[in-house]
Structure formats: C-alpha cells, structure tokens
Amino acid sequence: MRKENSALHGLEMRRSTVILDGLCEKPKAQKGTERQGDDHSRSSIAQQSSQQSQLNSERREHIRPPLSPSITLPPSPGVPKNLEERTTPDLENRLQELATGSPKILSASQILRILIRDRHVRPEVRHYRALILANSDAERGSPEVVRQLLSEMEKNGIPADSGTLHAALQVLAVHPDYLLRQEILRTLRDRWLPLSPAGWHYVVAGLLRENQFELALDHIAHMERKEILVENWLHSLLIYNLCDIQDFDEVLRQMRKRTSQGHDMTTELWLYVLDVAVAASHLETTQYIWTQMVQLGYLRPSKVLCRDTLTVAAEKGDTKLASLVIRFLSESDVPLILQDYEKTVEAHVKSGKLSSAFEILCKMHKAGIKLEHTSTRAIFNYMVQTRTSPRQAWAILKKLKSLKYPIPMECAHVVIELCDYESFNDPFAVDEGISLYQELYTLCPGKADVSIYNTLIGMARRAKNIQAGMFAVKEMSSLGVIPNDKTFEHLIMMCLDAGNFESAYRYYQDLVARGFRPDAYTRQQIKGVCSESNDQFAIQMRTDPQMQDDSADDLIERNEGASDQPVPIRKIGSETPPRYADRSERRMREPPMRVLLSKEARRAASKERRKRKRRRLAMSRAQEEEGWMDYEPGGLVPEDQLKPDETQTS
Numbered sequence: 001m002r003k004e005n006s007a008l009h010g011l012e013m014r015r016s017t018v019i020l021d022g023l024c025e026k027p028k029a030q031k032g033t034e035r036q037g038d039d040h041s042r043s044s045i046a047q048q049s050s051q052q053s054q055l056n057s058e059r060r061e062h063i064r065p066p067l068s069p070s071i072t073l074p075p076s077p078g079v080p081k082n083l084e085e086r087t088t089p090d091l092e093n094r095l096q097e098l099a100t101g102s103p104k105i106l107s108a109s110q111i112l113r114i115l116i117r118d119r120h121v122r123p124e125v126r127h128y129r130a131l132i133l134a135n136s137d138a139e140r141g142s143p144e145v146v147r148q149l150l151s152e153m154e155k156n157g158i159p160a161d162s163g164t165l166h167a168a169l170q171v172l173a174v175h176p177d178y179l180l181r182q183e184i185l186r187t188l189r190d191r192w193l194p195l196s197p198a199g200w201h202y203v204v205a206g207l208l209r210e211n212q213f214e215l216a217l218d219h220i221a222h223m224e225r226k227e228i229l230v231e232n233w234l235h236s237l238l239i240y241n242l243c244d245i246q247d248f249d250e251v252l253r254q255m256r257k258r259t260s261q262g263h264d265m266t267t268e269l270w271l272y273v274l275d276v277a278v279a280a281s282h283l284e285t286t287q288y289i290w291t292q293m294v295q296l297g298y299l300r301p302s303k304v305l306c307r308d309t310l311t312v313a314a315e316k317g318d319t320k321l322a323s324l325v326i327r328f329l330s331e332s333d334v335p336l337i338l339q340d341y342e343k344t345v346e347a348h349v350k351s352g353k354l355s356s357a358f359e360i361l362c363k364m365h366k367a368g369i370k371l372e373h374t375s376t377r378a379i380f381n382y383m384v385q386t387r388t389s390p391r392q393a394w395a396i397l398k399k400l401k402s403l404k405y406p407i408p409m410e411c412a413h414v415v416i417e418l419c420d421y422e423s424f425n426d427p428f429a430v431d432e433g434i435s436l437y438q439e440l441y442t443l444c445p446g447k448a449d450v451s452i453y454n455t456l457i458g459m460a461r462r463a464k465n466i467q468a469g470m471f472a473v474k475e476m477s478s479l480g481v482i483p484n485d486k487t488f489e490h491l492i493m494m495c496l497d498a499g500n501f502e503s504a505y506r507y508y509q510d511l512v513a514r515g516f517r518p519d520a521y522t523r524q525q526i527k528g529v530c531s532e533s534n535d536q537f538a539i540q541m542r543t544d545p546q547m548q549d550d551s552a553d554d555l556i557e558r559n560e561g562a563s564d565q566p567v568p569i570r571k572i573g574s575e576t577p578p579r580y581a582d583r584s585e586r587r588m589r590e591p592p593m594r595v596l597l598s599k600e601a602r603r604a605a606s607k608e609r610r611k612r613k614r615r616r617l618a619m620s621r622a623q624e625e626e627g628w629m630d631y632e633p634g635g636l637v638p639e640d641q642l643k644p645d646e647t648q649t650s
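Counting from 1, one number per residue, gives the positions in the sequence shown under this note's numbering.
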C-alpha cells in the first residue's frame with residue numbers, strides 16, 4: 001500500500017483524489033483486492049453509497065471469512081486503543097466536543113480514521129466542519145488545508161453551509177490568509193448567508209494578526225453600529241496590538257469607550273497598559289489608568305512601576321500625578337527615598353511652580369531628610385532656562401522663612417550658584433553673590449559648608465575680583481571651614497591669573513600635602529599659564545610629578561583645542577521595544593538617572609563658554625594695556641592683617 005501526504009497531517013490512506021474520501025478504504029487484505037479498493041477510493045462519497053452492497057459481497061468472497069467474537073483485531077496504526085473500543089455515537093460526540101472546545105488536529109484525525117476508514121461511516125458536512133475547525137490548532141493548523149477541504153466538498157457535491165464557512169473564518173483568525181478570507185466572505189454574500197457576531201469577531205481578529213489595524217478598527221465601528229457586542233477577548237487583543245505599535249492615543253480612546261459602555265477589563269490588561277505607557281512616557285494614558293484604577297484601589301502597581309510613573313510626572317511637569325504617586329507609596333508603607341522627593345520637586349519646577357519646589361525642599365529639611373547637591377539641580381536648571389534673577393529666588397526663600405519654614409543651606413547655595421552662572425556674562429554678578437552671602441546667616445541656621453565658599457571663590461576668580469576672593473577666604477578661616485581640593489584649585493588659578501606664582505606654588509604644595517591632586521582640566525590650565533613664564537615657582541610647579549600628563553589629560557587637551565567647535569551630543573534612543581516579555585526582569589532594576597540639562601540648556605551653556613573665552617581674551621588685552629600685570633597682590637592677605645613693615649614696603 002502506498003502512503004501519500006494529504007490534508008489530514010499524518011493519516012494513512014491509499015492514493016486518492018480527495019481527503020476524507022481516502023478514509024473510506026478497507027483494511028489491508030489480499031493483493032488481489034487492492035486494485036479494487038483503489039478503484040473504489042477514487043469514486044466520490046455518493047458513488048460509494050450506491051455500491052455499498054457490492055463491496056460487502058466482495059469482502060465476504062475475497063477479503064476475509066466471517067469474524068467470530070473471539071477474534072481480536074490489531075488496532076489501526078497511530079490510534080489509541082481506548083478510541084477503538086468506543087461506540088460510533090460516542091466517537092461522533094467526542095469529535096464535536098474537540099471541534100468546539102480545544103481543537104487538535106491529531107485528536108480529530110484519530111477519530112476520523114476510525115469512523116471513516118475502519119467503520120465506513122459516510123463523510124458528511126459535520127466531519128468536514130470538524131476537520132476544518134481542528135485546523136485552528138495554533139501549532140499544526142494551516143489555511144491551505146482549509147482551502148483544500150472546501151475545494152473537496154465542492155468537488156464531491158457537498159455544499160458548505162454557514163457553520164462550515166464560519167469554521168473556516170475561525171481558522172483564519174488564528175492562521176491569517178487574506179485571500180481565502182475574502183473568498184469565504186464573498187461566498188457568504190453570494191448565498192445570502194449573514195455573517196454572525198462570532199464571524200465578525202473572527203474577521204477582526206484575523207485583520208489584527210495581519211497588522212491591518214485601520215481595517216480592524218473600521219470593522220469594530222461597523223459592529224458597534226450593528227449593535228454587536230465586542231467580546232472581551234477581542235477587545236484585549238486589540239489593546240495589546242495597539243500597545244505593540246505604541247498608538248497610545250487610540251489605546252486611550254478604546255479604553256475610555258469601553259469603560260463608558262459599562263464593560264470591565266481584566267486587571268492584567270490595565271497593569272500591562274500602565275507599564276508600557278509609562279515606558280513610552282505617554283502622560284495621558286498614565287493619568288487615566290492612575291485615576292481610574294490605582295487611585296480607587298482597584299490596581300496596585302509595584303513600587304518600581306510607581307517610581308517610573310513618578311519619573312514621567314517629573315518629566316511632564318504633572319504635579320497632581322506626582323502627588324498621587326507619593327500618596328500611594330506612603331499608604332502602601334513604602335519608605336520614600338531622596339529620589340522620590342527630587343522627582344516631585346522636578347515636577348513642580350517643570351510646571352512653573354518655583355515657590356512650591358522650594359517649599360518641598362524646606363519640608364524635607366524639616367522632616368530630617370538630608371539634601372544632596374542633586375536635590376537642587378532641577379531648580380537650578382529651571383532658573384537658568386527662565387532667566388530668574390537671584391534676587392527673585394532669594395525673595396521666595398525669605399517669604400518661606402516668614403512662614404516659619406526652616407530654610408536648608410542647599411536652597412541658599414543654589415541661588416548663589418545662579419550668581420556664579422550669571423558671572424559668565426556679568427563680572428559684577430560676584431558682588432550680588434557676596435551680598436546674598438552676607439544675608440545667609442539671617443536666613444539659614446547652621447554653618448555654610450565648603451561648597452558655598454568654593455562657589456564664591458570661583459566666581460571671584462572668574463570676575464578677577466581679588467577683593468571678593470580674599471573676603472571668602474577670610475570667612476572660611478574665621479568660621480573654621482576646612483578647604484578641599486576645589487578650594488585650592490580656585491586659589492591657585494586666582495594667584496596665577498594675578499601673576500603671583502609664589503603664592504600659587506605654596507597653595508599647590510598645600511594641596512599636594514593634603515593628599516589631593518588637581519583634576520585634569522586644572523592641570524592643563526596651570527601648565528598653560530606656567531609655560532609662558534620663566535619664574536622659578538612657575539617652573540617648579542610645571543615640572544612637578546603630580547602635574548604630568550596621562551592618557552586622560554591628552555584627551556582633555558585635544559577637546560580643549562576644539563572648544564570653539566560644536567560639541568557633539570550622543571542622543572539616547574527613545575524607541576520602546578515592541579515586545580515586553582522581559583519587562584518583569586528589567587523592572588527589578590532602578591531606572592537610570594535622567595539627563596539634568598535639556599537641549600536648550602546645553603546649547604546655552606556652550607554659547608556661554610564661547611562668550612567667556614572671548615571676554616577673557618578681551619580682559620587680558622585690557623590688562624596689558626593698563627599695566628595690571630605689574631601689580632603684586634601679596635598672596636591674598638587682607639590689608640588689615642598685613643604687618644607694618646609689609647604695609648610700608650607695599
């Protein structure tokens with residue numbers, strides 16, 4: 001007997017021009033009867049019915065003797081024994097259960113082999129329909145097999161009824177085939193057969209699997225006009241596919257429409273949409289899910305997802321969403337960390353509420369939360385971008401002070417930093433910074449740290465205001481503030497700018513003695529100034545082992561040579577992957593730190609650096625013309641502390 005592949009995926013049959021007809025053949029017998037069996041297999045199902053008596057006669061004469069009840073036949077290949085023992089009605093019922101329940105090609109094929117080949121049941125529409133439905137098996141189903149089965153039914157004169165055509169549409173919802181789907185819909189229309197609600201669902205599901213989203217949405221709108229209820233499984237499939245292409249505007253519209261119609265959605269779907277919307281920084285969808293589900297207690301996202309939501313609120317300046325997230329974390333007994341407060345501050349400054357941002361920092365200080373330098377970066381960036389004057393910011397702090405808020409030193413420092421930033425354009429901004437510092441202790445309790453004095457000395461050096469620099473040094477000494485490496489770097493460069501190489505060398509020795517080393521940028525500046533002088537202290541400082549170049553210094557030197565050229569900025573990709581299967585693993589990690597300065601701020605900073613260089617060159621030329629380089633400052637010692645002999649000498 002020759003085996004040949006057919007649409008039954010593994011069913012054994014002799015050569016046949018049809019699929020189910022091949023199952024009508026007799027069991028294997030004598031060789032003389034094989035040709036007769038082949039002739040009968042080539043006939044249609046209708047011809048087999050008219051010749052059944054002749055087949056029975058030939059079977060009695062040529063195939064086998066009458067069977068006795070004691071003879072046990074071997075089971076058909078590939079068929080479980082328990083199926084062989086079942087009655088024909090049981091097998092028919094089992095076949096229909098498989099077709100409507102969980103279709104599997106293998107199970108349906110085994111039952112059909114017993115019914116049609118072994119028990120010679122005539123193939124009917126129900127058998128074709130069951131085999132078509134079995135092809136909705138996600139693993140082994142095929143639309144090509146469905147096409148062959150429909151063609152075989154037409155060839156054998158078996159009309160495909162509405163149920164069979166809808167069964168084919170169900171298969172095409174799992175294994176899409178646009179051409180076959182259109183043929184089936186055309187057949188239904190030509191026969192005046194209506195498309196059932198289930199058929200509408202199958203058509204839309206197939207369109208979604210083919211990524212024909214506009215057609216799918218158009219069909220759903222047509223279903224709603226016909227008052228056909230969209231089942232939850234189809235709506236969920238639509239939402240998942242729209243999330244994959246990141247069409248969150250349509251996702252939000254579909255979810256709002258679904259809830260307005262009084263239908264529920266699964267918690268898993270709500271949580272998934274919130275997750276991907278936060279990952280894509282889509283504020284409207286995030287807001288909707290948070291107010292509809294989380295705020296009302298129907299959804300409880302993880303703390304990592306909550307903090308990512310807080311990041312979105314900070315980026316978009318949504319203070320309401322930020323407060324909702326903070327409240328949810330507090331009610332969930334999740335301890336708030338410094339970054340949570342910093343993102344809340346960022347949300348307020350992004351919305352233009354500078355006073356509220358300062359107020360949050362004051363509340364943090366009052367609650368005993370230690371502020372860091374990063375806590376004020378959002379405020380600093382906002383004041384730079386909006387060109388807020390230092391006096392305006394200082395007035396806000398004074399108003400909060402009048403409202404009995406304790407003002408942390410970091411709030412005052414960020415205002416002085418704003419003066420430092422303005423000193424790039426205005427050399428007189430250092431006077432404003434010194435003036436604000438003189439009001440510092442009436443505003444903030446406690447002692448200023450070294451960072452404030454470094455800011456004052458840095459902008460004094462930039463403005464070449466030696467008197468302001470000496471004032472800051474004197475304040476540090478009187479208050480017992482211990483200098484750090486940045487303090488010495490500023491003092492060294494201030495002395496070098498004034499041409500006092502001896503004082504600069506002494507500050508350099510003090511820096512090295514404390515275990516510090518100038519950073520690469522400062523080393524390049526020191527060597528640049530000292531290389532133009534033959535002073536012995538300049539030579540000693542330039543040739544000191546701590547001043548030698550390394551690979552990093554070479555890189556900085558090359559970058560400094562191209563400082564007037566635009567600085568290339570590596571853009572970070574913002575495309576969200578279309579699949580989120582590994583999101584649970586990535587959620588275990590904290591999100592990376594956000595870039596503090598926007599594109600406009602970086603452009604402004606680059607512009608300021610170029611202006612600063614031009615201004616420095618202009619001031620250098622002016623000093624040479626006016627003879628400033630002949631002045632010796634005497635090591636930055638205040639005049640009231642000079643000895644009488646030194647005063648007379650000077």
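It is worth saying that the hints were derived from the structure and are not from the lab.
None of these values were measured; they are calculated from a predicted model.
Keep in mind that the hints are not guaranteed to be accurate.
Claimed, not checked - Straight-line C-alpha distance at most 30 Å; calculated DSS-like pairs for lysine-lysine:
(1) K353 with K370
(2) K607 with K486
(3) K607 with K316
(4) K447 with K370
(5) K316 with K363
(6) K486 with K404
(7) K353 with K404
(8) K399 with K366
(9) K366 with K320
(10) K370 with K350
(11) K353 with K366
(12) K607 with K464
(13) K447 with K464
(14) K486 with K527
(15) K366 with K398
(16) K353 with K257
(17) K399 with K370
(18) K303 with K320
(19) K401 with K353
(20) K399 with K303
(21) K464 with K320
(22) K353 with K316
(23) K303 with K226
(24) K404 with K464
(25) K363 with K399
(26) K527 with K350
(27) K613 with K527
(28) K607 with K353
(29) K353 with K399
(30) K486 with K613
(31) K401 with K464
(32) K399 with K350
(33) K447 with K527
(34) K303 with K398
To be verified - Between beta-carbon pairs, the in silico distance windows are:
(35) F428 with A605: 17 to 23 Å
(36) T266 with A198: 52 to 58 Å
(37) D249 with D90: 52 to 58 Å
Just so you know, even glycine gets a beta-carbon here, dropped at the ideal spot from N, CA and C.
Against the structure, the hints:
1. K353 with K370: holds (22 Å)
2. K607 with K486: Within the cut-off at roughly 25 Å; holds.
3. K607 with K316: Satisfied, since the Cα-Cα distance of roughly 26 Å is no more than 30 Å.
4. K447 with K370: Distance of about 15 Å is within 30 Å: holds.
5. K316 with K363: holds (23 Å)
6. K486 with K404: violated (35 Å)
7. K353 with K404: holds (20 Å)
8. K399 with K366: Status holds; Cα separation ~16 Å.
9. K366 with K320: holds (23 Å)
10. K370 with K350: holds (23 Å)
11. K353 with K366: It holds: about 20 Å lies between the C-alpha atoms, which stays within 30 Å.
12. K607 with K464: Status holds; Cα separation ~21 Å.
13. K447 with K464: holds (27 Å)
14. K486 with K527: holds (17 Å)
15. K366 with K398: Distance ~16 Å between K366 and K398 Cα, so the pair holds.
16. K353 with K257: Violated, because 34 Å separates the two Cα atoms, which is more than 30 Å.
17. K399 with K370: holds (22 Å)
18. K303 with K320: holds (18 Å)
19. K401 with K353: holds (17 Å)
20. K399 with K303: Judged against 30 Å, a Cα distance of about 35 Å means the pair is violated.
21. K464 with K320: This hinted pair is violated, its Cα atoms lying about 46 Å apart.
22. K353 with K316: Judged against 30 Å, a Cα distance of about 13 Å means the pair holds.
23. K303 with K226: Judged against 30 Å, a Cα distance of about 44 Å means the pair is violated.
24. K404 with K464: violated (39 Å)
25. K363 with K399: holds (14 Å)
26. K527 with K350: Measuring from Cα to Cα gives roughly 42 Å; hence the hint is violated.
27. K613 with K527: holds (18 Å)
28. K607 with K353: Distance of about 27 Å is within 30 Å: holds.
29. K353 with K399: Satisfied, since the Cα-Cα distance of roughly 15 Å is no more than 30 Å.
30. K486 with K613: holds (21 Å)
31. K401 with K464: violated (34 Å)
32. K399 with K350: With a Cα-Cα distance of about 21 Å, the restraint between K399 and K350 holds, given a limit of 30 Å.
33. K447 with K527: At roughly 35 Å apart (the allowed maximum being 30 Å), K527 and K447 break the hint.
34. K303 with K398: violated (36 Å)
35. F428 with A605: 17 to 23 Å: At 21 Å between Cβs, range holds.
36. T266 with A198: 52 to 58 Å: Violated, at about 21 Å.
37. D249 with D90: 52 to 58 Å: holds (54 Å)
Hints 6, 16, 20, 21, 23, 24, 26, 31, 33, 34, 36 from the earlier list are contradicted by this structure; the remaining hints agree with it.
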